[in-house]
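Add chain Y to chain F, keeping to what the hints say.
One letter stands for each residue in the lines below.
There are 2 protein chains.
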Amino acid sequence: MEYRTVSLFIIGTELTRGIIADGHGQLMARELSQIGYHINRIVIVPDDGTLGEVLRQCLQESDIVILTGGLGPTSDDMTRSLIASIAGVPLVQDEQSYKDLYARIGERIHGANQRQVYFPEGFHPIINPKGTAPGFTGVIPVVKQGEPCSVLCFAMPGPPVEMHEMFYHRILPELATLAGHDGDGRDEYSCFLIPESKLEDACAHVATEGIVWGTRVQEHRISLYLSGGEADARGRMIEGMERMLGTGLISSGDIEAVDILSRYLQEHHLTVSCAESCTGGYVSKLLTDRPGSSQWFWGGAVTYSNEAKVRQLNVDQTTLDLHGAVSSACVEEMARGMLSASGTDLAIAISGIAGPDGGSIEKPVGLVWFGFAAKDKMASSIAVRFSSYGRASVRRRAAVAALLLAFFYANGSDLLDMVQSWQYI
Amino acid sequence: MEYRTVSLFIIGTELTRGIIADGHGQLMARELSQIGYHINRIVIVPDDGTLGEVLRQCLQESDIVILTGGLGPTSDDMTRSLIASIAGVPLVQDEQSYKDLYARIGERIHGANQRQVYFPEGFHPIINPKGTAPGFTGVIPVVKQGEPCSVLCFAMPGPPVEMHEMFYHRILPELATLAGHDGDGRDEYSCFLIPESKLEDACAHVATEGIVWGTRVQEHRISLYLSGGEADARGRMIEGMERMLGTGLISSGDIEAVDILSRYLQEHHLTVSCAESCTGGYVSKLLTDRPGSSQWFWGGAVTYSNEAKVRQLNVDQTTLDLHGAVSSACVEEMARGMLSASGTDLAIAISGIAGPDGGSIEKPVGLVWFGFAAKDKMASSIAVRFSSYGRASVRRRAAVAALLLAFFYANGSDLLDMVQSWQYI
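These protein sequences, in sequence, are chains F and Y.
Each residue of the first sequence is one higher than the last, beginning at 1 in this note's numbering.
Each residue of the second sequence is one higher than the last, beginning at 1 in this note's numbering.
Next up, chain F with everything else stripped away, as it sits in the complex (with noise of 0.2 Å):
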């Protein structure tokens, strides 16, 4: 049989109170409706079990149902019982869920957290890697015009850094093969300091007949998914796109920022140390996010104030007064003034206009320099004009433009002809 409409249930009392706004509805129904299907409804409902009877009458004109939220251990969550209901079957424990949760939360696993390793009998769990509730999925038989077939269920959890893991690397993989997309012809890159609306413009400027885009916004990067055609025509697609986009803001995978670099000096054996201003301990806090980090970084230190600067980085005064902290040549004295303090073979130094105050002509909101020193190595600073989003925006994009910047410098990069080609930063 063939499956081509979607309804979409979005379980979560904060959303129907208008707490919260739901991002998962937009974010499935783009998703699926690139690789050919058809919506016919997204539906918000509290977590209050009505649900039930919308969803009945969904089964009559859906092929398939997806269901976000529910699925916690708190009373009001009920997603796994009513798809029993309605399928009919009873729930039942499912042992390797059952031994995975008790892996991952002991003694604590009896009462409530109990009800997440129950499914429809039937169903199959959905490994949930970042978080208690596993998903599921499962068959639901119904009879639609006095004929018996069938409608493809799945139940993911609610909080997005869950349901999008689980959604991006297990279901959309799953429906993208029943719509014909085949498992094998899709690529996954991931793309850093580009806005969303500049990637989509340079896809559908490059994109050549066959091939499927999709993009998935994350936090410090842009998941890009290309699927249909040859694997050539979508390999010079991406090239295609680094000549309009710039260089290097492009990588083949699920990477972060952050991994780039750290694979790097691991590779190498090599230590890095970072001296933070504007980004007050973010690109820090990002390496040291990593198990092992320590292995390859020694520390940092967060000079915000100028004081801080010439105490802990010994930073001329003369510079501070001469050039400003945000300077070339600052930032080059704050990367050997770090390499020197640490001892490690390469340093970071960032020094910027976050905002939204203390901007000026010369140095507007947004400007960030970046210096870098390495053991053999001449230091070198370059600077970056972020577009001003906000103050989180330019620290979040600056911190990611430091583990980039950092890895192409101990690559033997030429940061001044990479960044010279950046065309939306």
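Hints are supplied without guarantee of correctness; some may be wrong.
SDA-like, lysine to any residue: derived pairs with alpha carbons at most 25 Å apart [stated by the list, open to error]:
(1) Y:198 x F:160
(2) F:130 x Y:359
(3) Y:144 x F:53
If you anchor each label on the Cβ, the simulated ranges turn out as follows [as the list claims (entries may be wrong)]:
(4) F:52 x Y:172: 28 to 36 Å
(5) Y:358 x F:318: 40 to 48 Å
(6) F:197 x Y:209: 45 to 53 Å
(7) Y:145 x F:195: 47 to 55 Å
(8) F:267 x Y:358: 21 to 29 Å
(9) F:93 x Y:361: 30 to 38 Å
Far from chain Y, some chain F residues (derived; all Cβ distances over 10 Å) [stated by the list, open to error]:
(10) 169
(11) 170
(12) 196
To be clear, the hints were calculated from the coordinates, so they are not data collected in a lab.
Using N, Cα and C, we set each Cβ at its ideal position, and we do this for glycine too.
Here is chain Y on its own, set in the frame of chain F:
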């Protein structure tokens, strides 16, 4: 009759294709929830006329239905004929609306535009000051459980500028009056370090009749909303929850932990510096997320390696050898070293086992020591053992705890009493 339950319908194929995000659903849900309405669903459907079935079914479960979209002159706009069909009445032209539209667009009224001044018989147009398509309102007769009754219906155009004008100036005031609610009986709290399930349990345990609660999980806290009941009863509910959950973990209002500390620093004209090991820059990042933080944040040291603790903070190598980096002695030396290096009024130090590796029986993953030093005040330290839900979670909770504990240290609270009261960390 009482009007209490509302269904919202948002019509637009650009929404079900995920091309744009819906904002109307959340906006109406928030405003109507606050005046006491219960939103039983928000349904987003394409412009293709398939809304009929789900709308008919909602009429059985709702007292009020509000629709946006599907009122314009293009061929796929079908809200007015659908409502007429469901209400069992013809569409009739409204003379005043015709005159108004003629005055606005002249002869262009003929053709498709003229449909915009037809409404279901017995319904009333709602003037649209921002566009050509008026909205309309009326009553749909239905039979519920054998009894004849009526559902109140409002339809608005989809473009936000038109919809907002009509909703805020016409429909919301009408529904507020109908509900007889003044919207005063609602309090907001910010809850730190408490797992969602425990917060729910505590709410359920101490809630008294008439008090309704809702929670919203955010990155660094959970917002708790209480409504209904007397203000005194809601206050006693929070006191009861504090007795169950611990002291200092629930703050009144919509506030982050970083703002609790920074507000205190600003009020007392104090400066702070921060020495971080396991949090690796996270606390400094949170402090510098705030515009104007240079007024009270000097900077800090990310002393991730032991060598960094010795070199940057003057921690005694003997302390590290005897007690290890995750110890009372080490964090107190870190805090004193940071205070002395920076000259700030207050210094925060954090050292712990974030995992996944590095734990032992004596010092398990999740154990974090916090140290504090201030001018003219004894240094102090306190350990918290966080349940391990993974490295990211331990680091996130340790950063929030550091900010809260720094505030309590600064204002003279007993840290040991406080931490010992925390039940579910």
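For each hint, the structure was consulted:
no.	hint	verdict
1	Y:198 x F:160	holds (21 Å)
2	F:130 x Y:359	holds (21 Å)
3	Y:144 x F:53	holds (15 Å)
4	F:52 x Y:172: 28 to 36 Å	holds (30 Å)
5	Y:358 x F:318: 40 to 48 Å	holds (43 Å)
6	F:197 x Y:209: 45 to 53 Å	holds (51 Å)
7	Y:145 x F:195: 47 to 55 Å	holds (54 Å)
8	F:267 x Y:358: 21 to 29 Å	holds (23 Å)
9	F:93 x Y:361: 30 to 38 Å	holds (32 Å)
10	169	holds (18 Å)
11	170	holds (19 Å)
12	196	holds (12 Å)
No hint from the list above goes unmet by this structure.
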